[in-house]
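Line by line, the protein sequences are chains A and B.
For the record, in the first sequence the residue sitting at position 20 is 20 according to this note's numbering, with numbers rising by one throughout.
To convert a position in the second sequence, counted from 1, into this note's numbering, add 384.
No lab work stands behind these hints, which were simulated from the structure alone.
Please note that a few of the clues may not be correct.
To be verified - Examples of chain A residues toward chain B, derived with CB under 10 Å:
#1 Gly100
#2 Leu191
#3 Thr375
Stated by the list, open to error - Here are the simulated lysine-lysine pairs, BS3-like style, with alpha carbons at most 27 Å apart:
#4 Lys648/B / Lys221/A
#5 Lys648/B / Lys39/A
#6 Lys256/A / Lys605/B
#7 Lys264/A / Lys605/B
#8 Lys264/A / Lys192/A
#9 Lys221/A / Lys264/A
#10 Lys423/B / Lys404/B
#11 Lys221/A / Lys195/A
#12 Lys767/B / Lys264/A
#13 Lys39/A / Lys383/A
#14 Lys767/B / Lys605/B
#15 Lys640/B / Lys39/A
#16 Lys382/A / Lys221/A
#17 Lys221/A / Lys383/A
#18 Lys605/B / Lys423/B
#19 Lys766/B / Lys648/B
#20 Lys382/A / Lys256/A
#21 Lys576/B / Lys404/B
Yeah, the Cβ is synthetic: ideal placement off N, Cα and C, and Gly gets one too.
Each chain, letter by letter, is given below.
There are 2 protein chains.
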Amino acid sequence: MQNVSIVGVGQTPVREHWDKSLRELAVEALLAALRDAHKDQLDAIYVGNMLSGELTGQEHLGALIADQLGMSGVEALKLEAACGAGGAAVRMGYLAVASGQFDTVAVVGVEKMTDVSNAVVTAGLAMAADGEYEAANGISFVALNALLMRRYMYEYDLVEEDFAPFAINAHANALNNPYAMFHRSVTREQLKHVKMVSDPISLFDSSPICDGAAALVLSRKENLNGNGPRAVHIAASAVATDAVALHDRMDPLWLKAVELSSQKAYAQARVQPADIDVFELHDAFSIVTPMSLEAAGFAARGTGVYMGRDGEIALNGRVPISTMGGLKARGHPIGATGVYQVVEAATQLRGEAGPNQVPNAHVAMAQSLGGVGTTAITHILKKD
Amino acid sequence: MQNVSIVGVGQTPVREHWDKSLRELAVEALLAALRDAHKDQLDAIYVGNMLSGELTGQEHLGALIADQLGMSGVEALKLEAACGAGGAAVRMGYLAVASGQFDTVAVVGVEKMTDVSNAVVTAGLAMAADGEYEAANGISFVALNALLMRRYMYEYDLVEEDFAPFAINAHANALNNPYAMFHRSVTREQLKHVKMVSDPISLFDSSPICDGAAALVLSRKENLNGNGPRAVHIAASAVATDAVALHDRMDPLWLKAVELSSQKAYAQARVQPADIDVFELHDAFSIVTPMSLEAAGFAARGTGVYMGRDGEIALNGRVPISTMGGLKARGHPIGATGVYQVVEAATQLRGEAGPNQVPNAHVAMAQSLGGVGTTAITHILKKD
Numbered sequence: 001m002q003n004v005s006i007v008g009v010g011q012t013p014v015r016e017h018w019d020k021s022l023r024e025l026a027v028e029a030l031l032a033a034l035r036d037a038h039k040d041q042l043d044a045i046y047v048g049n050m051l052s053g054e055l056t057g058q059e060h061l062g063a064l065i066a067d068q069l070g071m072s073g074v075e076a077l078k079l080e081a082a083c084g085a086g087g088a089a090v091r092m093g094y095l096a097v098a099s100g101q102f103d104t105v106a107v108v109g110v111e112k113m114t115d116v117s118n119a120v121v122t123a124g125l126a127m128a129a130d131g132e133y134e135a136a137n138g139i140s141f142v143a144l145n146a147l148l149m150r151r152y153m154y155e156y157d158l159v160e161e162d163f164a165p166f167a168i169n170a171h172a173n174a175l176n177n178p179y180a181m182f183h184r185s186v187t188r189e190q191l192k193h194v195k196m197v198s199d200p201i202s203l204f205d206s207s208p209i210c211d212g213a214a215a216l217v218l219s220r221k222e223n224l225n226g227n228g229p230r231a232v233h234i235a236a237s238a239v240a241t242d243a244v245a246l247h248d249r250m251d252p253l254w255l256k257a258v259e260l261s262s263q264k265a266y267a268q269a270r271v272q273p274a275d276i277d278v279f280e281l282h283d284a285f286s287i288v289t290p291m292s293l294e295a296a297g298f299a300a301r302g303t304g305v306y307m308g309r310d311g312e313i314a315l316n317g318r319v320p321i322s323t324m325g326g327l328k329a330r331g332h333p334i335g336a337t338g339v340y341q342v343v344e345a346a347t348q349l350r351g352e353a354g355p356n357q358v359p360n361a362h363v364a365m366a367q368s369l370g371g372v373g374t375t376a377i378t379h380i381l382k383k384d
Numbered sequence: 385m386q387n388v389s390i391v392g393v394g395q396t397p398v399r400e401h402w403d404k405s406l407r408e409l410a411v412e413a414l415l416a417a418l419r420d421a422h423k424d425q426l427d428a429i430y431v432g433n434m435l436s437g438e439l440t441g442q443e444h445l446g447a448l449i450a451d452q453l454g455m456s457g458v459e460a461l462k463l464e465a466a467c468g469a470g471g472a473a474v475r476m477g478y479l480a481v482a483s484g485q486f487d488t489v490a491v492v493g494v495e496k497m498t499d500v501s502n503a504v505v506t507a508g509l510a511m512a513a514d515g516e517y518e519a520a521n522g523i524s525f526v527a528l529n530a531l532l533m534r535r536y537m538y539e540y541d542l543v544e545e546d547f548a549p550f551a552i553n554a555h556a557n558a559l560n561n562p563y564a565m566f567h568r569s570v571t572r573e574q575l576k577h578v579k580m581v582s583d584p585i586s587l588f589d590s591s592p593i594c595d596g597a598a599a600l601v602l603s604r605k606e607n608l609n610g611n612g613p614r615a616v617h618i619a620a621s622a623v624a625t626d627a628v629a630l631h632d633r634m635d636p637l638w639l640k641a642v643e644l645s646s647q648k649a650y651a652q653a654r655v656q657p658a659d660i661d662v663f664e665l666h667d668a669f670s671i672v673t674p675m676s677l678e679a680a681g682f683a684a685r686g687t688g689v690y691m692g693r694d695g696e697i698a699l700n701g702r703v704p705i706s707t708m709g710g711l712k713a714r715g716h717p718i719g720a721t722g723v724y725q726v727v728e729a730a731t732q733l734r735g736e737a738g739p740n741q742v743p744n745a746h747v748a749m750a751q752s753l754g755g756v757g758t759t760a761i762t763h764i765l766k767k768d
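In isolation and in its complexed conformation, chain A is listed as follows (with noise of 0.2 Å):
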């Protein structure tokens, strides 16, 4: 296999975009990436989304990005894992050059989700679920993973409280970066009077719905021409999957894919948990956040809420988490998230974080999920 490297990120800022298309804002991201890794030129171009067929009446992603880019000619498809998409983009990628078939592709990620009604956006996010033994019962996605929380808080003697530090961190993060929806701080005395979602996920405990586009640029590590310096190594990219419905799970409380994906990837990396400086999770709603750090191997099954309270999520902590906002603050575009998050990673890698910088960060994980832990994308950077 050849050697992959992230030669250049570009995103757009999380927003409700109503005056930018969904060709508009990926293409935003793509050029803002070509020009971060000083290329005009690209093999292919693979794209993450989820939903702009059921939100915007439009598939065929691949070709009409490509041409909106002025590149209508090459390779162009596109990837779907639900939540995952953008992680599966970045995947693709990663596979298309390790081939040995490309030299240089572009990943992109995007999702326009606020252009409809939000009954829409949950009709349409519900199709991460099982669509026959979930879904059409009535249960929405924010739903399923409210019956997850509230095991979860039964089964280790927690309350709605102890996950609050992870919103917390998140929105903290979030100040300092541009890109980020939200730049407000919260605090644990708001979430006394907080707004309920879908009981025990309060809006404190969910990711927003909004729009976005980030984009990569990876090459073959053998042709890095003057990208050497700021170039992120791909060290692994690994995919597992769990199933689909939480009923059909024999310990809906561990998330295996997570597991089993993390585990490949380090494997690959040859890195144990212990080595990874940046975690970028999935937190859509932040029960997955001690769930993901349990299954990866952070913190000892039940145990994830603690690593918020003792602050080992800050960004210097043990595992610094959300380190840009995260899902929760930067926001969740839903199919353009996995490559914010391998963006972030490799912004962090490459020392450019700012105020927000992880000291000596030399290895990151993004962990992109599909579904409530069904899909796991996993990919882990570093930097030489």
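Mind docking chain B on chain A? Use the hints.
Here is chain B on its own, set in the frame of chain A:
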């Protein structure tokens, strides 16, 4: 790059499968391919599908189908490129094995179209076109092809009847394919009474709305075990794109993506058009057939229809096409079609095509298109 072989093929009949769900169809095809390959383990599953979200309220097909197959845990992702989604999944499976990361993966294309009204399907198919500049103005996908056919007839001084040999050939070949949707021959006489769909496109010129799934097992050539004698080598895998909107093309009568993708594939496989013994092309509408034959290098500009008139597309002709019925008569379950094409091309090279066997078939080409020739995905297969 590792050499990639097809070691197993599987397919469901193309029908209106009202008694089977999308996941059941996919698993039926996958199990058939696994049996054919004598395999019971996979490293990954790549799914081709266009419209499951819009038509059945289900995204996240990768994990869903892996789960239904009893292989929850493995890598599983979905690819989409409009009507070329099946070809896109083959492309991803090829890269995953060619990269050297995986030994054995499966590809499955699946579409379930007949559980909803034709109006819903028509709206879904329009998402292959440019949503903001074509579909938003009310034009359907068949109408776009009708505009193209009308212009082609005008430029090259043709009438509807000149296209009849394509449907007659496809239906004749489908008679001997138990998996084909239609088992009735059609005649030139019937053309006089055929219903118009979108003038000048009649029922004779249109592929049907239907359900189906097809699957492949791909493996490293060095790793064939007992499958050697029946294995088929993937000698080329190439994708190209064109402008999505017809009005954005300098020359709407020339399928640039077909030309680019074919030329890339010929170079990879080190063959010329004259070396191709079987060409499974994307005859979604009969206008696509001559335009594909021209852009892929089998006929001069504006002369593709004469290949039909002169019998060159027959099983014993110069360039046999639609050898098992093609999209017209085997059927066109959108995201499955690109995989059906590769299954049929491999079947020809194995010499297992029964009464439809093309004599001395050593090199076969399968070409999956998304949109009006917007995305072209070409695979060339060889039997060593």
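Each hint tested on the structure:
no.: 1; hint: Gly100; verdict: 5 Å, holds
no.: 2; hint: Leu191; verdict: 32 Å, violated
no.: 3; hint: Thr375; verdict: 5 Å, holds
no.: 4; hint: Lys648/B / Lys221/A; verdict: 24 Å, holds
no.: 5; hint: Lys648/B / Lys39/A; verdict: 22 Å, holds
no.: 6; hint: Lys256/A / Lys605/B; verdict: 32 Å, violated
no.: 7; hint: Lys264/A / Lys605/B; verdict: 24 Å, holds
no.: 8; hint: Lys264/A / Lys192/A; verdict: 41 Å, violated
no.: 9; hint: Lys221/A / Lys264/A; verdict: 22 Å, holds
no.: 10; hint: Lys423/B / Lys404/B; verdict: 25 Å, holds
no.: 11; hint: Lys221/A / Lys195/A; verdict: 49 Å, violated
no.: 12; hint: Lys767/B / Lys264/A; verdict: 35 Å, violated
no.: 13; hint: Lys39/A / Lys383/A; verdict: 21 Å, holds
no.: 14; hint: Lys767/B / Lys605/B; verdict: 12 Å, holds
no.: 15; hint: Lys640/B / Lys39/A; verdict: 24 Å, holds
no.: 16; hint: Lys382/A / Lys221/A; verdict: 12 Å, holds
no.: 17; hint: Lys221/A / Lys383/A; verdict: 12 Å, holds
no.: 18; hint: Lys605/B / Lys423/B; verdict: 15 Å, holds
no.: 19; hint: Lys766/B / Lys648/B; verdict: 16 Å, holds
no.: 20; hint: Lys382/A / Lys256/A; verdict: 25 Å, holds
no.: 21; hint: Lys576/B / Lys404/B; verdict: 36 Å, violated
Hints 2, 6, 8, 11, 12 and 21 from the earlier list are contradicted by this structure; the remaining hints agree with it.
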